[in-house]
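*Asks:* Below are the chains, spelled out letter by letter.
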Amino acid sequence: MALTGLEIFKHLPKTNCGECGFPTCLAFAMQLAAKKAALDKCPYVSDEAKSALDAAAAPPIRLITVGVKKPFQTGNETVMFRHEETFHRPTGIAVTVSDAAPEDEIAARAGRIAGLSFERVGMQIGVNLTAVRNDSGDPAKFAAAVKKVMEVSQLPIVLTAGDPAAMERALEVCKEDKPLIHGATAATLDAMCALAKASSCPLTVSGGSLDDLAALARDAAAKGVQDVVLDPGPRGMNELLRDVTQSRRLALKKNYRPLGYPFIITAAESDPVMEMVEVGVFIAKYGGIVVTNAIEKWQMLPLLTLRQNVFTDPRKPIMVEPKLNKVGEPGRDAPVLVTTNFSLTYFVVEGEVEASKVPSYLISVDTEGLSVLTAWAAEKFTPESIKKALESSGVSDLVDHKKFVIPGYVAVMSGELEEETGREVLVGPREASGISTYLKTVWKA
Amino acid sequence: MAVEPVRDKWKNPITEVTIGALKEEGGTRASVVRIGGETTMPFLHDDGGMPHEPVVAMEVWDIEPTEMADELRKYYSDVYTDPAAWAKKCVEQYGAAMICLRLMGTHPDWGDRDAAHARGAVRKVLDAVGVPLIILGCGQAEKDNAVLPQVSQEAKGERCLIGDITEGNSKTIVASAIADGHNVICEAPLDINIAKQVCILATDMGIGLDRLVAFHTNGGLGYGLEYAYSIMERSRLAGLGGDKMLATPIIAVMSTETWRCKEAKAPESEFPHWGDTSRRGIAWEALGATTYLLGGTDVLVMWHPEAVKTAKAFIEKMMKK
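First to last, the sequence lines map onto chains A and B. Residue numbers for the first sequence follow this note's numbering, so the first one is 659 and each next one is one higher. Residue numbers for the second sequence follow this note's numbering, so the first one is 83 and each next one is one higher.
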């Protein structure tokens, strides 16, 4: 929670010495509040005031970084609902590897996890972390499994072990890569904090209630471990939803520091579809990291798609590249359609063209990510912009006809468009759902 | 020191809507479905109540769905030429709480069948099953205006949920719903202001708020889910906060919307990196459905029996306090 200028002013020396470059302490405080000046410009500020101001300036949910080569970050969230601003850091998906498995299986599984990556709407979406679990109970085996995983995968690691001795052995292998130590309970807090401190790695604390979690996080901070992730343990997803919601409210609305950390949730549902659904709950609702056994592509593609949806910034429409797109293998008499480069519009239209099974050229016109009617009203989808898109697409070299189809909603521009382009304009359906029928029955080259 | 929780307390409950009418209420249903009444955002039972759990309706067509995905055909090809048999299978084998009959065959592109055909289909389904009915027109305004009043009459007294009305097309359907005692679905194109406007248009004609359900034209997972999800959250927050025109229960269509998504049905042979088709489609529908439940959906319309099973199990888990 950012402080106001007046609140900051209270902590300043109030001498108006001017050495900070501003005429008065109050003026300096106002600049600090606006983040236009830094506190170290004041040579006289007390250490107490400094730490008070630093603490107040810290984000309500701490930013945690796991890993070095492909670092994963979680935290710094600012809202309860995505429409209030946006959710900033996509939930990390961690897939498990058990150290009790044979060595070659460990390597194969870690490789599969690293390969769970898909291209969607022009973006690469993938699994973020590998969670190595000390199921064997053997510290040496745990360390060996971690080593094996690191040989085949660059993903950051979550070290899941309850035994500090096992954790110590594993950290010897991988501490340079800043794994997440997962983690401390009330019983092992001292030992795990010592390991976290010595290795400068983030640490999870696990407790069965928000009270327990807050107490453990406070104790960890007192022991010098600031990079904390909260683990509410395996419980029903209804209870978990309640607690992660409550925790985010406390952090954001009350600036309650002991719960101002991201959450790590371990999916506990055993049915493979329900497990996926459980992961989905904490993608939509406040999960920092979700640990899951779901390694199948059919499970991960929907989950990563959901994450992409939920973490899309609602303030900026996602756009597709304005260009000529082929749907199927269009021939020289194939239809040519134009639409906007607002990704939702584009993908709906593309889906319908595809569903029609009529191979076509589809041109996404640069409308700065606006949909058809909005772009038309904002003069981004105009005869000029369409003409430009047609020309740069090179489509006239690819087809033998001189026709193209525009969305029904902009039928009004067809006359001007014909003059502008010298091509024959056909007015398509208003709704994308009519495209399939249109292409099958109305379109003729 | 114990953590002092922050409670969201809301002043305006979501309206309660009853779908279906028992014999003593002038209908012939064996069961009725009540939705709405929430005084909290979904499943946050410490903040307020959810007196009725969300329900799963299953979609049935009046004609053979010739473009149905293969994964669905496995379950429906033995019944989908007969809406009565199809509805019966959904209720008896897959536990549908309601049947959503889509009168696709009346669409000009799907055979352009007349109102008599539609009445026949509605009658068959009403006779075949005892659960309440959702009846959807083909979505073409002129045709819906010709067909839905007839259908409304056929189902008079059964307190169905009929739709959709839109900003530009509400009068005919609302008038029939009032005359025949049905509920109405208010459709808006991912736009909270239009959603409100449609509700105002309907109530201005004299239909009660307790007869309206909002449909935000949701897409399937990956196809604009985030827009519908956020509109649901926004309207639910506004409704709980006191805006009665946004305090209606919400319906989400997962059936047709999921099964037009490429990822739900594309064969593994063509897309090996997407994994097992038969599981992927179920996952696609189930995950979209449960996410919309988290956004405030009260009625899911679904298709794949396994996805239905997951959604129902999810509801049961989340309704536990």
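If you're looking for bench data, these hints aren't it; they were derived computationally from the structure. All values reported here derive from a predicted model rather than from experimental measurement. Wrong hints could be hidden among the right ones.
Restricting the straight-line Cα-Cα distance to at most 30 Å, the calculated cross-link-like pairs of lysine-lysine (DSSO-like) are [to be verified]: (1) Lys1045/A to Lys1098/A; (2) Lys1098/A to Lys391/B; (3) Lys93/B to Lys403/B; (4) Lys402/B to Lys1015/A; (5) Lys912/A to Lys91/B; (6) Lys156/B to Lys1102/A; (7) Lys912/A to Lys402/B; (8) Lys326/B to Lys911/A; (9) Lys225/B to Lys1098/A; (10) Lys699/A to Lys727/A; (11) Lys347/B to Lys981/A; (12) Lys974/A to Lys344/B; (13) Lys344/B to Lys1102/A; (14) Lys347/B to Lys984/A; (15) Lys1061/A to Lys1038/A; (16) Lys399/B to Lys156/B; (17) Lys344/B to Lys911/A; (18) Lys156/B to Lys1098/A; (19) Lys344/B to Lys981/A; (20) Lys1015/A to Lys344/B; (21) Lys912/A to Lys693/A; (22) Lys974/A to Lys694/A; (23) Lys1098/A to Lys344/B; (24) Lys833/A to Lys911/A; (25) Lys911/A to Lys93/B; (26) Lys833/A to Lys881/A.
*Asks:* Evaluate each hint against the coordinates.
*Replies:* Taking the hints in turn, this is what the structure says about them:
1. Lys1045/A to Lys1098/A: Answer holds: Lys1045/A to Lys1098/A is near 26 Å, not above 30 Å.
2. Lys1098/A to Lys391/B: violated (37 Å)
3. Lys93/B to Lys403/B: Holds. Lys93/B to Lys403/B sits at ~21 Å (cutoff 30 Å).
4. Lys402/B to Lys1015/A: Not satisfied, since the Cα-Cα distance of roughly 46 Å exceeds 30 Å.
5. Lys912/A to Lys91/B: Satisfied, since the Cα-Cα distance of roughly 16 Å is no more than 30 Å.
6. Lys156/B to Lys1102/A: With Cα atoms ~36 Å apart, Lys156/B and Lys1102/A exceed 30 Å; violated.
7. Lys912/A to Lys402/B: With Cα atoms ~28 Å apart, Lys912/A and Lys402/B stay inside 30 Å; holds.
8. Lys326/B to Lys911/A: holds (27 Å)
9. Lys225/B to Lys1098/A: holds (22 Å)
10. Lys699/A to Lys727/A: Roughly 35 Å between the alpha carbons, so the hint for Lys699/A and Lys727/A is violated.
11. Lys347/B to Lys981/A: holds (27 Å)
12. Lys974/A to Lys344/B: Holds. Lys974/A to Lys344/B sits at ~25 Å (cutoff 30 Å).
13. Lys344/B to Lys1102/A: With a Cα-Cα distance of about 26 Å, the restraint between Lys344/B and Lys1102/A holds, given a limit of 30 Å.
14. Lys347/B to Lys984/A: Given that 30 Å is the threshold and the Cα spacing comes to 21 Å, the pair holds.
15. Lys1061/A to Lys1038/A: With Cα atoms ~22 Å apart, Lys1061/A and Lys1038/A stay inside 30 Å; holds.
16. Lys399/B to Lys156/B: With a Cα-Cα distance of about 28 Å, the restraint between Lys399/B and Lys156/B holds, given a limit of 30 Å.
17. Lys344/B to Lys911/A: Answer violated: Lys344/B to Lys911/A is near 41 Å, above 30 Å.
18. Lys156/B to Lys1098/A: holds (27 Å)
19. Lys344/B to Lys981/A: holds (22 Å)
20. Lys1015/A to Lys344/B: holds (13 Å)
21. Lys912/A to Lys693/A: Cα-Cα ~22 Å, so holds.
22. Lys974/A to Lys694/A: holds (26 Å)
23. Lys1098/A to Lys344/B: Within the cut-off at roughly 20 Å; holds.
24. Lys833/A to Lys911/A: With Cα atoms ~35 Å apart, Lys833/A and Lys911/A exceed 30 Å; violated.
25. Lys911/A to Lys93/B: Within the cut-off at roughly 20 Å; holds.
26. Lys833/A to Lys881/A: holds (19 Å)
When held up to the earlier numbered hints, the structure conflicts with 2, 4, 6, 10, 17 and 24 and fits the remainder.
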